[in-house]
Amino acid sequence: MHNVAYHRIERIAGSVITLRAEGVANQELAQVTSSFGTSLARVIRIDGDMVDLQVFAGARGISTDSEVRFLGEPMKVPYSEALLGRVFNGAGKPRDNGPEVDGERITIGGPSVNPAKRIIPKTMVRTGIPMIDVFNTLVVSQKLPIFSIAGEPYNELLARIALQAEVDVIILGGMGLKHDDYLYLKDFLEKNGALSRTVMFMHTASDPIVECLLVPDASLAVAEKFATEGKNVLVLLTDMTNFADAMKEIAITMEQIPSNRGYPGDLYSQLASRYEKAVDFEGSGSITILAVTTMPGDDVTHPVPDNTGYITEGQFYLRKGRIEPFGSLSRLKQQVNGKTRSDHRTIMNTMIQLYASYKETLEKQSMGFNMSNWDQKLLKYGQRFESEMMDLSVNIPLEKALDLGWEILADCFAPEETGIPTKMINEYWPKKG
Amino acid sequence: MKALPRDKKWAFTPVAKVGDVVVAGDTLGTVPEGVFTHRIMVPFRLLGKWTVESVAAAGEHVVEDVVAKLKNDKGETQDVTMVQTWPVKMPIKAFEERLRPSKPLTMQQRIIDTFFPVMQGGTFCTPGPFGAGKTVLQQLMSRYADVDIVILAACGERAGEVVETLREFPELIDPRTGKSLMERTLIICNTSSMPVAAREASVYTGVTLAEYYRQMGLNVLLLADSTSRWAQALREMSGRLEEIPGEEAFPAYLESVIAAFYERGGVVRLKDGSTGSVTICGSVSPAGGNFEEPVTQATLKVVGAFLGLSRERSDQRRFPAIHPLDSWSKYEGIIDSKKVAEARHILANGVDVNNMMKVVGEEGTSIDDFVIYLKSEYLDAVYLQQDAYNEIDAACSAERQKYVFDKVYTILKTPMKFSEKDVARTFFLKLTQSTKDWNRVKFDSQEFKDLEQSIFASVKEVSANA
Chain A
1 MHNVAYHRIE RIAGSVITLR AEGVANQELA QVTSSFGTSL ARVIRIDGDM VDLQVFAGAR
61 GISTDSEVRF LGEPMKVPYS EALLGRVFNG AGKPRDNGPE VDGERITIGG PSVNPAKRII
121 PKTMVRTGIP MIDVFNTLVV SQKLPIFSIA GEPYNELLAR IALQAEVDVI ILGGMGLKHD
181 DYLYLKDFLE KNGALSRTVM FMHTASDPIV ECLLVPDASL AVAEKFATEG KNVLVLLTDM
241 TNFADAMKEI AITMEQIPSN RGYPGDLYSQ LASRYEKAVD FEGSGSITIL AVTTMPGDDV
301 THPVPDNTGY ITEGQFYLRK GRIEPFGSLS RLKQQVNGKT RSDHRTIMNT MIQLYASYKE
361 TLEKQSMGFN MSNWDQKLLK YGQRFESEMM DLSVNIPLEK ALDLGWEILA DCFAPEETGI
421 PTKMINEYWP KKG
Chain B
1 MKALPRDKKW AFTPVAKVGD VVVAGDTLGT VPEGVFTHRI MVPFRLLGKW TVESVAAAGE
61 HVVEDVVAKL KNDKGETQDV TMVQTWPVKM PIKAFEERLR PSKPLTMQQR IIDTFFPVMQ
121 GGTFCTPGPF GAGKTVLQQL MSRYADVDIV ILAACGERAG EVVETLREFP ELIDPRTGKS
181 LMERTLIICN TSSMPVAARE ASVYTGVTLA EYYRQMGLNV LLLADSTSRW AQALREMSGR
241 LEEIPGEEAF PAYLESVIAA FYERGGVVRL KDGSTGSVTI CGSVSPAGGN FEEPVTQATL
301 KVVGAFLGLS RERSDQRRFP AIHPLDSWSK YEGIIDSKKV AEARHILANG VDVNNMMKVV
361 GEEGTSIDDF VIYLKSEYLD AVYLQQDAYN EIDAACSAER QKYVFDKVYT ILKTPMKFSE
421 KDVARTFFLK LTQSTKDWNR VKFDSQEFKD LEQSIFASVK EVSANA
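Chains A and B, in that order, give the protein sequences.
Going by this note's numbering, the first residue of the first sequence is number 1, and it counts up by one from there.
Going by this note's numbering, the first residue of the second sequence is number 1, and it counts up by one from there.
Any given hint could turn out to be false.
[Stated by the list, open to error] The following label-pair restraints were derived from C-beta to C-beta distances: (1) B/E391 with A/Q376: 43 to 49 Å; (2) B/E391 with A/A116: 26 to 32 Å; (3) B/R240 with A/L183: 56 to 62 Å; (4) B/D336 with A/K117: 31 to 37 Å; (5) B/T410 with A/E416: 19 to 25 Å; (6) A/A116 with B/W86: 43 to 49 Å; (7) B/D79 with A/S284: 46 to 52 Å; (8) A/E416 with B/Y389: 16 to 22 Å; (9) A/S284 with B/T77: 52 to 58 Å; (10) A/K76 with B/L47: 41 to 47 Å; (11) A/W429 with B/S419: 58 to 64 Å; (12) A/E416 with B/S463: 19 to 25 Å; (13) B/L172 with A/T123: 18 to 24 Å; (14) A/A116 with B/L47: 56 to 62 Å.
If you are wondering where the hints come from, they were derived from the structure by calculation, not from laboratory data.
A virtual CB, placed ideally from N, CA and C, is assigned to each residue, including glycine.
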């Protein structure tokens, strides 16, 4: 029974309340009214007639005789073009003092698209950042995490990608953000005129934990809708570790058997059902996902980055303010980098191989060994590579970046020292003079 | 939903005759399916001996038509259709005996076929951290492996990768048959966002289908990507059932389940005397590439070859990123194992010298040691690594491997003298360059011969000093 008010709550733990009710569906919404106000809640477990509800605003202030009324429908968010430029919380309520958005109400957390209905990703997303465009090209419909640690400028990186990426719509989902970071992102996009193509779903650290869980679902549901209308959508999520921690918090309060490091056993499935929303629809739009995952203690074996890495199509490591060339990987790059320019792959591999040698030389240098001729060349190369390619402030289109690559190589090495196929050298090696 | 359309007609040809005595797994008739002949067999679940009462004449039938009637000595009768059903978690045992693997299974990847060979009916695993190239390696194997049928069990992996196979394979031509690669490929698609119970079952579905085709005397390769996702599905379900968790929260029965799965591979002699095989390759994705974890360890106990992928090598863009010193194989390959052992010895020495150089510096290393180091790097660059982007270098036939290995081996064994380390380094950089060019031209073409000549001419120059 819908429209029946329940007044007897059996148990309250964390943000989960338990009561006896019948005819209730899983994931159905309910409205909980207490002396502190009204909040939505969502059914997360049914055991016989015992129903567990997650209260979006948290269970603080709820008493055992608070009123619970089931609404008979799952969680929905409004969708219309009017969403652009607006900021919402995880539950889909405006947080920018604007009016509620009227529009079609769409269910969040639906299934992902059948692989047989997808097309092979084949278009690159240009970002103007050489470490991405040249070395680990971002591809339409890709899902990529940015692995980083607290204190790194990952939100700045996201903001720059949002500004420079060639896409139609940007959906920015914030989870557990510091309020300052939220304001930074909003102001940055506003100042640079990108807000009008952006929709933000924001959950800050002080908001109820349950809303954190809704942010990715709400963001992706709206993204899916834009994509089916032919828009190329870029979804930026920050920070997925907070999302996983919120899941952990709820799972433990529900007395689920914890798996690795206290995270619920279905962490992989939960993350996958979000990331797998990335898609390229045949004859329509697409969804590309970039998600920040902070690694507690810079430990990539931590369950959240570890599980993420096995779901996503590569990863970017952001360390010391730069995208690391080692470890960072775009699994879809070979779908597009064969068609950009014939020297793209050569430059990509050669420059990284030489950079790896440069790192070895640096080690030797720090031990105080004599630097051979070859080492001197590598040192010169490595420094140019770091300052002209890796630096995050560099903003040049792909073709310029490739030309720059050849110029740096020619400046530091003789052609046969690079291991580049002879054919390529004849075609691209800059002529002296 | 039915897996096969129920209204499609297939051309049935009877093999068994009325009055024949048959047992489970015997052939009653055949149906052509794509590039091979599909046997219609006595249901595997039937026990004891049965007499053929009647068998359909040659002609077109839908899969659910009764094509034969059987009777046993107790007077029970059994209708046989072209549909076999089997519980996926039970091995199919309708064969005469299991044999030891004896034929090499080539993948056209030099580091595998030469250094860590696999055999038809063997089992092997490819553990590695994410991004080390497990899936790319499996895709190459599914393309170039010398088998009749390839089954890909995409267990909890990315949907995008399945899309790639689904869309690309129909376009690719299988060099063995001249038909589309898709005709020999079967995909069990259970990507990461699909239900967890189905993920747990998907590897079993894969191996059961492999066993089914093995019953037809075919050689099957099962690629399970990834068994870690499967183990996680076991963990997730075990947690939901509130079982007491074992190591890293995996269920206590993890090891025996993994062992039982790999043991379903193997070469068998069928009751009609022909042989068939199931080769199992499981990719394992341990957290952070640390092999000291339950799934990798349980897998290593039961496989015949271990192709460990390393983060270090993939960072250096050395593809395939199989670690040449940590990996091992218990199988016999296509190249004389003595020579392979010597080549591995050079690699190991090269690593030792490199480690030593990190401590004493290049100036403290003798030139002879330095040349050993350069030789090992040369072997690594021109033989262990393959350029997957290059049409020709991506697949190296067994014949070419034998030829090229012999030549590279000769170069490695040639004593060389250099006046200075820088001279030696320059020489090897050039040699590597030209040998890589050599790898990229067609085998036995004029260009191939010319490049070979120039390579050996340059080697002769430095060895003449010796």
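Verification of the hints:
| no. | hint | in the structure |
| --- | --- | --- |
| 1 | B/E391 with A/Q376: 43 to 49 Å | violated (37 Å) |
| 2 | B/E391 with A/A116: 26 to 32 Å | holds (28 Å) |
| 3 | B/R240 with A/L183: 56 to 62 Å | violated (41 Å) |
| 4 | B/D336 with A/K117: 31 to 37 Å | violated (51 Å) |
| 5 | B/T410 with A/E416: 19 to 25 Å | holds (23 Å) |
| 6 | A/A116 with B/W86: 43 to 49 Å | violated (25 Å) |
| 7 | B/D79 with A/S284: 46 to 52 Å | holds (49 Å) |
| 8 | A/E416 with B/Y389: 16 to 22 Å | holds (21 Å) |
| 9 | A/S284 with B/T77: 52 to 58 Å | holds (56 Å) |
| 10 | A/K76 with B/L47: 41 to 47 Å | violated (56 Å) |
| 11 | A/W429 with B/S419: 58 to 64 Å | violated (29 Å) |
| 12 | A/E416 with B/S463: 19 to 25 Å | holds (21 Å) |
| 13 | B/L172 with A/T123: 18 to 24 Å | holds (22 Å) |
| 14 | A/A116 with B/L47: 56 to 62 Å | violated (39 Å) |
Going down the numbered hints, you'll see the structure goes against 1, 3, 4, 6, 10, 11 and 14, while the others check out.
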